[in-house]
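Number of protein chains: 4
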Amino acid sequence: MLNPLREAVLEANLEVVRRGLVLYTFGNASGIDRSRGLIVIKPSGVPYEKLRAADLVITDLKGGMVEGVLRPSSDLPTHIELYKAFPGIGGVVHTHSRFATSWAQAGREIPCLGTTHADYFHGPVPVTEHLTAVEVEEAYEKATGEAIVRRFTGLNPAAFPGVLVTGHAPFTWGKDAAQAAMHAVILEEIAAIAYYSVTLNAELTGLPAVVRDKHHLRKHGPKAYYGQPPR
Amino acid sequence: MLNPLREAVLEANLEVVRRGLVLYTFGNASGIDRSRGLIVIKPSGVPYEKLRAADLVITDLKGGMVEGVLRPSSDLPTHIELYKAFPGIGGVVHTHSRFATSWAQAGREIPCLGTTHADYFHGPVPVTEHLTAVEVEEAYEKATGEAIVRRFTGLNPAAFPGVLVTGHAPFTWGKDAAQAAMHAVILEEIAAIAYYSVTLNAELTGLPAVVRDKHHLRKHGPKAYYGQPPR
Amino acid sequence: MLNPLREAVLEANLEVVRRGLVLYTFGNASGIDRSRGLIVIKPSGVPYEKLRAADLVITDLKGGMVEGVLRPSSDLPTHIELYKAFPGIGGVVHTHSRFATSWAQAGREIPCLGTTHADYFHGPVPVTEHLTAVEVEEAYEKATGEAIVRRFTGLNPAAFPGVLVTGHAPFTWGKDAAQAAMHAVILEEIAAIAYYSVTLNAELTGLPAVVRDKHHLRKHGPKAYYGQPPR
Amino acid sequence: MLNPLREAVLEANLEVVRRGLVLYTFGNASGIDRSRGLIVIKPSGVPYEKLRAADLVITDLKGGMVEGVLRPSSDLPTHIELYKAFPGIGGVVHTHSRFATSWAQAGREIPCLGTTHADYFHGPVPVTEHLTAVEVEEAYEKATGEAIVRRFTGLNPAAFPGVLVTGHAPFTWGKDAAQAAMHAVILEEIAAIAYYSVTLNAELTGLPAVVRDKHHLRKHGPKAYYGQPPR
Numbered sequence: 001m002l003n004p005l006r007e008a009v010l011e012a013n014l015e016v017v018r019r020g021l022v023l024y025t026f027g028n029a030s031g032i033d034r035s036r037g038l039i040v041i042k043p044s045g046v047p048y049e050k051l052r053a054a055d056l057v058i059t060d061l062k063g064g065m066v067e068g069v070l071r072p073s074s075d076l077p078t079h080i081e082l083y084k085a086f087p088g089i090g091g092v093v094h095t096h097s098r099f100a101t102s103w104a105q106a107g108r109e110i111p112c113l114g115t116t117h118a119d120y121f122h123g124p125v126p127v128t129e130h131l132t133a134v135e136v137e138e139a140y141e142k143a144t145g146e147a148i149v150r151r152f153t154g155l156n157p158a159a160f161p162g163v164l165v166t167g168h169a170p171f172t173w174g175k176d177a178a179q180a181a182m183h184a185v186i187l188e189e190i191a192a193i194a195y196y197s198v199t200l201n202a203e204l205t206g207l208p209a210v211v212r213d214k215h216h217l218r219k220h221g222p223k224a225y226y227g228q229p230p231r
Numbered sequence: 232m233l234n235p236l237r238e239a240v241l242e243a244n245l246e247v248v249r250r251g252l253v254l255y256t257f258g259n260a261s262g263i264d265r266s267r268g269l270i271v272i273k274p275s276g277v278p279y280e281k282l283r284a285a286d287l288v289i290t291d292l293k294g295g296m297v298e299g300v301l302r303p304s305s306d307l308p309t310h311i312e313l314y315k316a317f318p319g320i321g322g323v324v325h326t327h328s329r330f331a332t333s334w335a336q337a338g339r340e341i342p343c344l345g346t347t348h349a350d351y352f353h354g355p356v357p358v359t360e361h362l363t364a365v366e367v368e369e370a371y372e373k374a375t376g377e378a379i380v381r382r383f384t385g386l387n388p389a390a391f392p393g394v395l396v397t398g399h400a401p402f403t404w405g406k407d408a409a410q411a412a413m414h415a416v417i418l419e420e421i422a423a424i425a426y427y428s429v430t431l432n433a434e435l436t437g438l439p440a441v442v443r444d445k446h447h448l449r450k451h452g453p454k455a456y457y458g459q460p461p462r
Numbered sequence: 463m464l465n466p467l468r469e470a471v472l473e474a475n476l477e478v479v480r481r482g483l484v485l486y487t488f489g490n491a492s493g494i495d496r497s498r499g500l501i502v503i504k505p506s507g508v509p510y511e512k513l514r515a516a517d518l519v520i521t522d523l524k525g526g527m528v529e530g531v532l533r534p535s536s537d538l539p540t541h542i543e544l545y546k547a548f549p550g551i552g553g554v555v556h557t558h559s560r561f562a563t564s565w566a567q568a569g570r571e572i573p574c575l576g577t578t579h580a581d582y583f584h585g586p587v588p589v590t591e592h593l594t595a596v597e598v599e600e601a602y603e604k605a606t607g608e609a610i611v612r613r614f615t616g617l618n619p620a621a622f623p624g625v626l627v628t629g630h631a632p633f634t635w636g637k638d639a640a641q642a643a644m645h646a647v648i649l650e651e652i653a654a655i656a657y658y659s660v661t662l663n664a665e666l667t668g669l670p671a672v673v674r675d676k677h678h679l680r681k682h683g684p685k686a687y688y689g690q691p692p693r
Numbered sequence: 694m695l696n697p698l699r700e701a702v703l704e705a706n707l708e709v710v711r712r713g714l715v716l717y718t719f720g721n722a723s724g725i726d727r728s729r730g731l732i733v734i735k736p737s738g739v740p741y742e743k744l745r746a747a748d749l750v751i752t753d754l755k756g757g758m759v760e761g762v763l764r765p766s767s768d769l770p771t772h773i774e775l776y777k778a779f780p781g782i783g784g785v786v787h788t789h790s791r792f793a794t795s796w797a798q799a800g801r802e803i804p805c806l807g808t809t810h811a812d813y814f815h816g817p818v819p820v821t822e823h824l825t826a827v828e829v830e831e832a833y834e835k836a837t838g839e840a841i842v843r844r845f846t847g848l849n850p851a852a853f854p855g856v857l858v859t860g861h862a863p864f865t866w867g868k869d870a871a872q873a874a875m876h877a878v879i880l881e882e883i884a885a886i887a888y889y890s891v892t893l894n895a896e897l898t899g900l901p902a903v904v905r906d907k908h909h910l911r912k913h914g915p916k917a918y919y920g921q922p923p924r
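Residue numbers (my numbering), protein chains in the order written: chain G, 1 to 231; chain R, 232 to 462; chain S, 463 to 693; chain Y, 694 to 924.
Don't take each hint at face value.
To be verified - The list that follows gives simulated cross-link-like pairs (lysine to any residue, SDA-like), each with its CA atoms no further than 25 Å apart:
#1 Lys62/G to Gly458/R
#2 Lys406/R to Val46/G
#3 Lys175/G to Ser506/S
#4 Lys604/S to Val46/G
#5 Lys219/G to Tyr486/S
#6 Lys293/R to Val759/Y
#7 Lys907/Y to Thr256/R
Don't read these hints as lab results, they were simulated from the structure.
Could you put together the complete structure from these sequences and hints?
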């Protein structure tokens, strides 16, 4: 069932490992089939070296098991909240990559300090608020997704393809699992460059809006001219 | 004698090298057969490329040689103190991995700043006190083990699977040598992320206790739900 | 057409990837045939793994297409300004390499703190001024090149084979594309060492001029004695 | 002539490249045959990939060519000063490795903050004084060697197997070229750990003398008990 999606989600899971973003099983990727309302996600705690497409788990948007014998990633409820709130996304990736996680632990949004950043995030990378004790205890992973969605009030998830969960780590998304994985890789690089930038110059505020917009819009939207035209 | 344990301890020694935690011979791993009270440990100063299972040394819990022609690691007396004081552990690993050693040299415990940390350490990574001059001169490696054990008064070694020896480097442990090696790898990553976090935000104190407990207990203890159920 | 130059420019593009300076398609290299006034440059947004010499684009010095079916790199107008203003250069490379980009984002020139630096840059690595809003909106990439050229008033591009575009990233150049790529690699290393140097000692100003000159001139110019004599 | 020494010096040159300490041709290794008073050293500016034992240059202790068609490393006069002043050494290595060079550029000696350091350097890694303008202009490389030797007044080069040349980079030595290369690798690691330590805790002064001595002397000298006994 959903074999092409299974293969794409497997590949996204392996890609973040190959790129050095995932230690042991500290990460997960999923994809969604919007027409059927079904999610394909990594099983929880299974080593990547052994992971096959057939091991991935299929659930519905309430988290009910549709196909698979293994438990889904414990972060599934977070993925579900994102798929429900952001109808344009087709894939979600979660990692504990070193620099993005450091900003998340520091509780600081990543300021938009350069064009590398502006090419992908149309402003600072947002950070969620802390959860309340009740949220943590009752439905922690679902509440994490809700906190992300709350933080995106007024923000376009296509222009900000990721977030830092405070005290935790990044989530990224994209039109499919492959793009979500690419955004995880780029967010890590943005986070690294920003780390070195702010420790070189603590007074930095951000790129002038005109440059930020120029770079973002030369890659995205109707007037984009970066890359090759769609065939 | 103890061939499966020899193989497991060899593998743990090689694993920390493959993961980039050990330069030259700056590390060692051991395992214990609790039923016989025998320890298998790396010989001192032997290059990893040449290390075979048969080169490992077997000693009793007083450090007496039981099998082997090479000298055991000079840190053997530290390992022995840990095995004696922590009956639940089956393996010990010592490295000079870069970030964990930096915190040890800085004499700072690693604060629990995020969920990556809380998943494995149920609070700050502890640091030992300095030894006295007499301890250093009379039985340095044994005294190092005793200092770790003293520091763990009131701490559960299963919930804190490692320590920083002040001015020196980390020791980690686990139910077996493989898990001790995995904890060495994770401690290094925790140490790196914490380094970048505190240099981004010097005011950080730590993750709220409710999140720390949630993450630790979703992976450990009777209510754990991360990973697959035991078969 | 221009097949040897195509091969050399392909190789320079691949070299900066192999050296870890380029993530995805965040970079580009070009070379010029001065006798014909033709530039060979990477196409925009094409993955490096698939890039063949035949995919490279040939343009004239006004950016007009001479050979090729793909769009040239969107940074072509920047390369053109450099070729027009610096007649001694034969290749240009642009990357978003981590440390050089961090200095660019920090808006700080890289001070000449050591002989590694002085061997290649005869003083601080310059940073451009911010563009005006009009420049960004009307002809951003051309204006970027013009800003570099303005910054080089009074500077010899052979003695300073690169620049940091403020809020953006480095451009380097050389007698050909291969040397431009080598300068990109060296600039990244200089930027990294300078980062660690200034965070170790915030008071640093720079290498004494006599040592800076000695190192630069033992490698460059009529009295150079480093390396082997030309055959 | 001196073929075994040629092979050993070639291997030391390649080792520092394999370990990531040398970019392009930014380094050199040499060895000495004390009985004949002859030095084998890398030729200047020759890429490592092409370097063969037969390309190495043999000189006497005045720098006079004895065998070879290529120019020796431009740093030869520095090596010669070290061989003349430190009769116990058999090999010298020079690199621009990232962290050691950062301390050299910062003009700071590396404090002895932990046992990794004390195992190899019996105290802080020394830094030379700046050269005078006359020294730089008249015989720069020889004067660099003389500055190192001056700095070692009262220091035992066997207990301090390396130095930072201020504003430049490290030199290390050992009983032979292989050990000099090993000391270059270890100095880089010590420099990295010290960097992270002092940025975590700016108040650090150093390891208590009793621990420093214990570690140094368990590896070196008549009472050493680390490693295996000599056969």
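Structure-based check of each hint:
Simply put, Lys62/G and Gly458/R have alpha-carbon atoms about 20 Å apart, close enough for the 25 Å limit, and the pair holds. In summary, the hint linking Lys406/R to Val46/G is supported, as the alpha carbons are separated by about 19 Å, within the 25 Å threshold. A C-alpha spacing of about 21 Å is found between Lys175/G and Ser506/S, which places the hinted pair at or below 25 Å, so the restraint holds. Restraint check for Lys604/S and Val46/G: not satisfied, since their Cα atoms lie roughly 51 Å apart, outside the 25 Å limit.
For the hint pairing Lys219/G with Tyr486/S, the CA-to-CA distance comes to about 14 Å; that is within 25 Å, so the pair holds. Using a Cα cut-off of 25 Å, the hinted pair Lys293/R and Val759/Y is violated, with the two alpha carbons roughly 59 Å apart. Of the pairs offered as hints, the one joining Lys907/Y and Thr256/R holds, with about 18 Å between alpha carbons and a cut-off of 25 Å not exceeded.
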